[in-house]
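Undergrad: The lines below spell out each chain.
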Amino acid sequence: MEIKTGDKKALGLLVNKHKKTAFRIALGLVGNKDDAYDISQEAFLRVYRSANTYDTDQPFLPWFYRIISNLSKTWLVKRSKRENKMVDVDDASYLLIDSSNPEDAMVKKETAAYVRNALLKLDYEDREIITLQHFRNMSYDEIADLLEISKGTVMSRLYYARKKLADIMRSYYEQG
Amino acid sequence: MNLKEMTGIMTYADLPDEVWENYWQSMYKKLERGFGWIFFSVGAIALIFYGMFQFLSEIYQNPTIPIFIKIATAVLILGAIILLVSFSRERLFAYKRDRYKEVKK
Numbered sequence: 001m002e003i004k005t006g007d008k009k010a011l012g013l014l015v016n017k018h019k020k021t022a023f024r025i026a027l028g029l030v031g032n033k034d035d036a037y038d039i040s041q042e043a044f045l046r047v048y049r050s051a052n053t054y055d056t057d058q059p060f061l062p063w064f065y066r067i068i069s070n071l072s073k074t075w076l077v078k079r080s081k082r083e084n085k086m087v088d089v090d091d092a093s094y095l096l097i098d099s100s101n102p103e104d105a106m107v108k109k110e111t112a113a114y115v116r117n118a119l120l121k122l123d124y125e126d127r128e129i130i131t132l133q134h135f136r137n138m139s140y141d142e143i144a145d146l147l148e149i150s151k152g153t154v155m156s157r158l159y160y161a162r163k164k165l166a167d168i169m170r171s172y173y174e175q176g
Numbered sequence: 001m002n003l004k005e006m007t008g009i010m011t012y013a014d015l016p017d018e019v020w021e022n023y024w025q026s027m028y029k030k031l032e033r034g035f036g037w038i039f040f041s042v043g044a045i046a047l048i049f050y051g052m053f054q055f056l057s058e059i060y061q062n063p064t065i066p067i068f069i070k071i072a073t074a075v076l077i078l079g080a081i082i083l084l085v086s087f088s089r090e091r092l093f094a095y096k097r098d099r100y101k102e103v104k105k
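Residue numbers (the working numbering), protein chains in the order written: chain A, 1 to 176; chain B, 1 to 105.
Hints in this document: simulated from the structure, not taken from any laboratory. Ideal Cβ placement from N, Cα and C applies to all residues, glycine included. Check before you lean on any hint, since a few could be wrong.
With a straight-line Cα cutoff of 20 Å, these simulated DMTMM-like cross-link-like pairs (lysine to aspartate or glutamate) come out [said to hold, decoys possible]:
id, chain 1, residue 1, chain 2, residue 2
1, A, 9, B, 5
2, A, 17, B, 58
3, A, 17, B, 90
4, B, 30, A, 38
5, A, 73, A, 55
6, A, 9, B, 21
7, B, 29, A, 34
8, A, 163, A, 126
9, A, 121, A, 167
10, A, 33, B, 18
11, A, 4, B, 32
12, A, 20, B, 18
13, A, 78, A, 142
Stretch by stretch, here's where chain B covers chain A in the computed footprint (C-beta under 8 Å, at least three residues) [stated by the list, open to error]:
id, region
14, 14-27
15, 43-49
16, 109-115
17, 162-169
Residues of chain A placed beyond 10 Å of chain B at every Cβ, according to the derived structure [unchecked claim]:
id, residue
18, 8
19, 10
20, 52
21, 55
22, 56
23, 65
24, 122
25, 125
26, 126
27, 139
28, 141
29, 145
30, 151
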């Protein structure tokens, strides 16, 4: 990893390779495009500054994911202190629906809005696990490796996170 | 519609192409400015300490400066130290009770 020697070209290559992944990870965690953009850039700057602490024998992505996740948590804490709410639910444009089929586009659109808002109401850890499994389509094993937890813990966390999401969604439907 | 079906029709919003094209440039500016601020701060701190040292040397070594200026300067420094200790203690107190202190800043 040439970045360890302060090579900015190497950083540029790394950024070009992973910038969209970084943005999408952050977007799933904070639910806001502007914040996700800033977090992804800050994550690369952290990689550059703390490249010496990176063990090159280990895969890059889990280490990078932890940086993005820590930054996202900090961002959310700061935002909740500033705005007195966990996330900005009004900014619901971070998840889009596939509207290729116009017949049921309205139903899909409404459902998508419920899912978006429900996701943003989940605790950070619950949103994280749902995002990884359902939006990044990662397997249990991949999530376990990424979060450095056992496969059983992944399954259990997913079970409870889905349950909470379903409860929130149910309350939305009941309210109409 | 179950959760898998719902999430299956959803994708993340993307950014316009020009934002991605300028991504590295925008980041490089932040990197550059970060270094700029570090050098600026180190230089400023060094100059401030040097200036303070020179100022105090002048005040206390120059016999023509009135005694009340020397006393006022000593009181000013004492006040600054008390304030610094007080703020530091408050920050430490808040840190010990911070629920999110495990979150890296």
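Undergrad: Verify this label for me: residue 139 of chain A is non-interface relative to chain B, using a Cβ-Cβ cutoff of 10 Å.
TA: For residue 139 of chain A, whose nearest Cβ neighbour in chain B is about 14 Å away, the distance exceeds 10 Å, so it holds.
Undergrad: In terms of beta carbon proximity below 8 Å, does the region 14-27 of chain A have 3 or more residues touching chain B?
TA: holds (count 7)
Undergrad: Quick check for students: does the CB of residue 65 of chain A sit more than 10 Å from each CB in chain B?
TA: holds, 14 Å
Undergrad: Within a Cα-Cα threshold of 20 Å, do residue 9 of chain A and residue 21 of chain B meet the stated pairing?
TA: With a Cα-Cα distance of about 16 Å, the restraint between residue 9 of chain A and residue 21 of chain B holds, given a limit of 20 Å.
Undergrad: Classify the label on residue 125 of chain A as holds or violated, using whether its beta-carbon is more than 10 Å from each beta-carbon of chain B.
TA: holds, 12 Å
Undergrad: How does the coverage statement for the region 109-115 of chain A fare against chain B, requiring three or more residues with Cβ below 8 Å from a Cβ of that chain?
TA: holds (count 3)
Undergrad: Per the stated criterion, does the least C-beta distance between residue 10 of chain A and chain B lie above 10 Å, as a non-interface residue requires?
TA: Fine: 12 Å to the nearest Cβ keeps residue 10 of chain A off the interface.
Undergrad: According to a criterion of three or more residues whose C-beta lies within less than 8 Å of a C-beta of chain B, is the region 162-169 of chain A covered?
TA: holds (count 3)
Undergrad: Hinted pair, alpha-carbon criterion (20 Å max): residue 163 of chain A, residue 126 of chain A. Please report holds or violated.
TA: With a Cα-Cα distance of about 10 Å, the restraint between residue 163 of chain A and residue 126 of chain A holds, given a limit of 20 Å.
Undergrad: For a C-alpha distance cap of 20 Å, please report whether residue 73 of chain A and residue 55 of chain A respect it.
TA: violated, 24 Å
Undergrad: Run the distance test for residue 30 of chain B versus residue 38 of chain A: straight-line Cα separation, threshold 20 Å.
TA: holds, 10 Å
Undergrad: When you look at the beta carbon of residue 56 of chain A, is every beta carbon of chain B farther off than 10 Å?
TA: holds, 21 Å
Of the hints listed earlier, those the structure fails to meet are numbers 1, 2, 3, 5, 13 and 18, in rising order.
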